[in-house]
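Participant: The chain contents come next:
Protein chains: 4
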Amino acid sequence: MRQTNDLSRMISHTTSIRVRYAETDQMGFVYYGNYATYFEVARVEMLRSIAITYRSLEENGILLPVVRFQINYLAPAHYDDELLIKTFIREKPSARIKFAYQTYRGETLLNEAETDLVFTDAASKKPMRCPAQFSNILNAHFSN
Amino acid sequence: MRQTNDLSRMISHTTSIRVRYAETDQMGFVYYGNYATYFEVARVEMLRSIAITYRSLEENGILLPVVRFQINYLAPAHYDDELLIKTFIREKPSARIKFAYQTYRGETLLNEAETDLVFTDAASKKPMRCPAQFSNILNAHFSN
Amino acid sequence: MRQTNDLSRMISHTTSIRVRYAETDQMGFVYYGNYATYFEVARVEMLRSIAITYRSLEENGILLPVVRFQINYLAPAHYDDELLIKTFIREKPSARIKFAYQTYRGETLLNEAETDLVFTDAASKKPMRCPAQFSNILNAHFSN
Amino acid sequence: MRQTNDLSRMISHTTSIRVRYAETDQMGFVYYGNYATYFEVARVEMLRSIAITYRSLEENGILLPVVRFQINYLAPAHYDDELLIKTFIREKPSARIKFAYQTYRGETLLNEAETDLVFTDAASKKPMRCPAQFSNILNAHFSN
Chain A
23 MRQTNDLSRM ISHTTSIRVR YAETDQMGFV YYGNYATYFE VARVEMLRSI
73 AITYRSLEEN GILLPVVRFQ INYLAPAHYD DELLIKTFIR EKPSARIKFA
123 YQTYRGETLL NEAETDLVFT DAASKKPMRC PAQFSNILNA HFSN
Chain B
23 MRQTNDLSRM ISHTTSIRVR YAETDQMGFV YYGNYATYFE VARVEMLRSI
73 AITYRSLEEN GILLPVVRFQ INYLAPAHYD DELLIKTFIR EKPSARIKFA
123 YQTYRGETLL NEAETDLVFT DAASKKPMRC PAQFSNILNA HFSN
Chain C
23 MRQTNDLSRM ISHTTSIRVR YAETDQMGFV YYGNYATYFE VARVEMLRSI
73 AITYRSLEEN GILLPVVRFQ INYLAPAHYD DELLIKTFIR EKPSARIKFA
123 YQTYRGETLL NEAETDLVFT DAASKKPMRC PAQFSNILNA HFSN
Chain D
23 MRQTNDLSRM ISHTTSIRVR YAETDQMGFV YYGNYATYFE VARVEMLRSI
73 AITYRSLEEN GILLPVVRFQ INYLAPAHYD DELLIKTFIR EKPSARIKFA
123 YQTYRGETLL NEAETDLVFT DAASKKPMRC PAQFSNILNA HFSN
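Protein chains in written order, with our numbering: chain A, 23 to 166; chain B, 23 to 166; chain C, 23 to 166; chain D, 23 to 166.
Source of the hints: derived by calculation from the structure; they are not laboratory data.
Do not rely on the hints blindly, as some may be mistaken.
[Said to hold, decoys possible] Stretches of chain D that chain A covers, calculated by requiring three or more beta carbons in the stretch to come under 8 Å of a beta carbon on chain A:
no.	stretch
1	41–50
2	75–87
3	150–162
Using N, Cα and C, we set each Cβ at its ideal position, and we do this for glycine too.
All chains, please: the whole structure from these sequences, using the hints.
Facilitator: Here it is as structure tokens:
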């Protein structure tokens with residue numbers, strides 16, 4: 023029997039990011055919009071860990087724009103904090119690929135977020151199915 | 023009797039923002055994280071339009087950190103586009119104040135978003151009720 | 023005969039920019055790197071004021087990357103400040119165009135800066151002379 | 023006989039930074055203003071390498087605002103590039119501390135820059151001499 027929380031059937035990765043001064047605001051917190059950039063770094067590093075470079079996707083004419091982003095902020099991050107961003111792909115992608123994120127400082131969960139991205143043909147700007155170079159790698163992680 | 027669509031019982035405001043080169047990415051689109059900044063500008067200008075300056079709130083010891091942000095991207099914005107951001111407060115705030123946003127380029131809806139912010143005492147960093155200077159002004163808009 | 027201070031032989035323009043929360047840092051100042059963006063806005067608005075849109079330059083295959091930037095900071099800007107950026111072209115451009123900037127808050131000079139940009143052919147990525155559509159307009163300002 | 027380019031009498035450090043998508047612009051280059059942030063990271067990491075954390079300086083009431091920044095751009099950086107930023111302190115600091123930077127991608131020098139920062143008392147906002155905790159460490163590098 024299949025279960026949605028079958029941990030063997032998802033991809034996860036942890037990326038470390040140190041907060042830059044430029045990313046703080048006068049409240050002394052990381053500005054709320056900057057997490058979008060952190061999650062971009064986190065998902066690119068996750069993909070690199072499974073031998074997919076986002077740069078080479080673009081060089082092959084495939085764009086991955088974000089079509090949905092949502093985040094719940096539980097606690098702020100501060101300057102020079104070392105953040106650990108846990109990134110998850112929990113579902114096999116089709117035309118859309120979903121990433122989930124949890125940002126930690128030590129044991130403290132600072133926020134939880136999700137982004138949906140859509141495989142897009144760079145020439146036509148139309149959505150396309152997950153390309154084979156990508157789905158072959160992902161299938162190895164999701165099949166059993 | 024209909025309530026939810028009672029347009030007399032909400033606050034709305036439109037802010038114009040021109041896309042800066044710094045805000046584009048190599049896809050030629052506004053980077054997805056930059057809308058958080060646009061919405062910050064939009065809600066601050068909405069408050070200014072009803073005689074509340076966010077700066078003076080902070081000077082009076084009240085912070086308004088964002089605790090939730092969600093956005094659906096329908097179409098990209100480009101360099102030098104003149105964006106119109108429609109901002110709405112649809113519910114009377116308590117400790118939490120909700121803003122909704124729609125970004126337009128001409129007639130085209132580019133995205134829809136929401137942010138929740140929490141009135142926070144700057145000294146104690148604890149949530150607090152909507153301060154009187156604020157709620158008095160808002161009450162005038164929401165009462166009938 | 024005086025030449026260097028002949029005010030009739032230069033182009034100047036003033037742009038107003040309000041400081042965004044995202045642009046502050048935890049010192050409570052505008053982060054020092056953000057002025058590069060303000061000056062980008064200032065020079066684009068100056069060009070627009072003399073009927074040159076940077077966007078249309080790019081659409082015609084001409085890029086204008088910055089090759090030099092220098093700034094002296096005299097006093098910080100703060101959140102919600104309304105900054106006035108005075109922009110100057112003091113020399114007729116060749117392959118290179120020089121802009122000078124002064125940032126004011128009211129009567130207070132906050133910083134002085136310069137950028138040099140180079141007309142670049144988008145296809146070959148090689149420097150090129152100032153294009154005619156541009157130099158014709160500028161000549162009208164610099165000739166007497 | 024003393025020489026100004028006595029390499030034993032300066033501090034140097036190399037920091038690696040990978041270009042984020044958010045940092046590119048529609049020219050496909052790193053936006054020119056983003057190097058200010060890269061150099062902030064580079065000088066903070068240099069200080070960390072000699073056991074000075076900028077964060078603890080601030081916690082001890084010492085600010086280090088930038089008062090001068092200048093950069094010459096020789097070649098652009100692109101998305102996902104791994105940049106090496108070489109940072110130098112060539113002179114013993116007084117109230118002012120000068121950092122020089124060279125950004126490389128492999129063997130290619132992309133730009134050269136300098137920043138001057140001023141030790142500032144956080145309470146009075148007045149310049150101050152380089153604090154002892156700092157100068158003691160630096161003296162060990164500059165004395166012979």
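Participant: Return the numbers of the hints above that this structure violates; sort them in rising order.
Facilitator: Failing hint: just 3.
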